[in-house]
Amino acid sequence: MKHFHRVVPYLPFIVLAAAVVVAVYHVRVYW
Amino acid sequence: MTAEPRTTGVTESLSIGKEFFTQQFPIIAVVMALGFAGAYLQHGFLPGADIAFPLAGVRVPIWHLIWMGAWTGYTMAVVGEAAGIFALPYTMSILQFTGLPVTPTTQLLTFLNPLGALFGYRRNRQWNLDFALWVCLGGVVGGLIGPFVRLTLLSDVKPFTFVVGLSLIFAGAHLCYASLRGFRKTYPAGGVEAKFAAESKARRDAGLPPTGIPAGIGIETISRGGGRLTIAFWDVTWTVSLPVLFVTGALVGVISAALGVGGGFLLVPIFAAIYGLPMYVLVAATIPYVIVLSAVGLFTYGVIVPAFTGVTIQPEWAWGFFAAAGGIFGSWCAAKTQRFVPEHFLKAMLGGITAVAGTLYAIDFFFTLPFRI
Chain A
107 MKHFHRVVPY LPFIVLAAAV VVAVYHVRVY W
Chain B
552 MTAEPRTTGV TESLSIGKEF FTQQFPIIAV VMALGFAGAY LQHGFLPGAD IAFPLAGVRV
612 PIWHLIWMGA WTGYTMAVVG EAAGIFALPY TMSILQFTGL PVTPTTQLLT FLNPLGALFG
672 YRRNRQWNLD FALWVCLGGV VGGLIGPFVR LTLLSDVKPF TFVVGLSLIF AGAHLCYASL
732 RGFRKTYPAG GVEAKFAAES KARRDAGLPP TGIPAGIGIE TISRGGGRLT IAFWDVTWTV
792 SLPVLFVTGA LVGVISAALG VGGGFLLVPI FAAIYGLPMY VLVAATIPYV IVLSAVGLFT
852 YGVIVPAFTG VTIQPEWAWG FFAAAGGIFG SWCAAKTQRF VPEHFLKAML GGITAVAGTL
912 YAIDFFFTLP FRI
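Line by line, the protein sequences give chains A and B.
For the first sequence, the numbering used here begins at 107 and goes up steadily by one.
For the second sequence, the numbering used here begins at 552 and goes up steadily by one.
Bear in mind the hints are in silico, worked out from the structure with no lab data behind them.
Take these hints with a grain of salt, some might be off.
[Said to hold, decoys possible] Pair by pair, the computed Cβ-Cβ distance ranges are: (1) A/TYR116 x B/ARG674: 24 to 32 Å; (2) B/GLN574 x A/ILE120: 24 to 32 Å; (3) A/ILE120 x B/ALA886: 14 to 22 Å; (4) B/ARG779 x A/ILE120: 44 to 52 Å.
Using N, Cα and C, we set each Cβ at its ideal position, and we do this for glycine too.
Please model the entire structure based on the sequences and the hints provided.
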């Protein structure tokens, strides 16, 4: 829980970075 | 003393886990099952990474649709917006689903996404049917007209992406403005936001979780009549004009149903500008509005448009359900973690991204860009 609380403030930025990675993967594989 | 935080942490994680498995997981499982059922009933097979979605004409792994719903639902809900205005450009530009069915498909997402939030706000008593009624009636009118606009004026990809671009610029500018206001902390004295900031600071100083609104406060109807409605929340009152609520709901509804978004991105800044209504009160009207507008929009695309024009625009049901399953999970995560997140910084960042994407869409209408969007 302690580690979780430390990560939570950065979660939206981690999620956005992951979204960019997945988007680039999709463009390279499926376009 | 040292054991106490650990016990609290374990209890907290247990209660969050219990809440997820008893309240959220069953809904997500049902929506996922509807996705599989929708695919087999609509197409007779399961499209995905290997077989293209027939109406969309593109191959997309199912996990990617769930992920799209989850990340757009999470990031937008953290900053108090709905997923539609982010999911639509992602669907168009990254997943390359740009045909007419994209509109009812994202409308299915905007219909299902706020259902969880609706029950939450009802429990919190951020609920007033007198206030919601006329906006929702406007939404019904907008939901009936919008699909015809999509089919006539916005039937080609270029004008459609141009209007999506303008909407994104508006949404991005609003997010940046809200973040600037948040950084400066310039709230009118005596308003709900100022009270909220003072209350949450007092609670934080007392070592309590910073939930700004004291429990048990609801949105009350003070008076109604002569085309005007007076509502009160936390000792602050607002008088709104019912015709203005109706006309605004109808105009926003036409644009939103034509694009395939929920309309909250337009409704929130308009009501905030006209009446100075804070977000905590606005959700009582905007959440039911998004659900009503999306439902009427879906009905119009599926039943009324074919009856008048002979053209049927069906959504990719499976696509919408899979994205909505992720969206429900993402919105729930946002509700649980929102108070720990640097909201104003995130608003500025998301506002910037949205505005840049919108500007590219708008420029692409006049000049062909050297890359595909």
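Verification of the supplied hints:
| no. | hint | verdict |
| --- | --- | --- |
| 1 | A/TYR116 x B/ARG674: 24 to 32 Å | holds, 29 Å |
| 2 | B/GLN574 x A/ILE120: 24 to 32 Å | holds, 25 Å |
| 3 | A/ILE120 x B/ALA886: 14 to 22 Å | holds, 18 Å |
| 4 | B/ARG779 x A/ILE120: 44 to 52 Å | holds, 47 Å |
Figure legend: structure checked against the earlier numbered hints; every hint is met.
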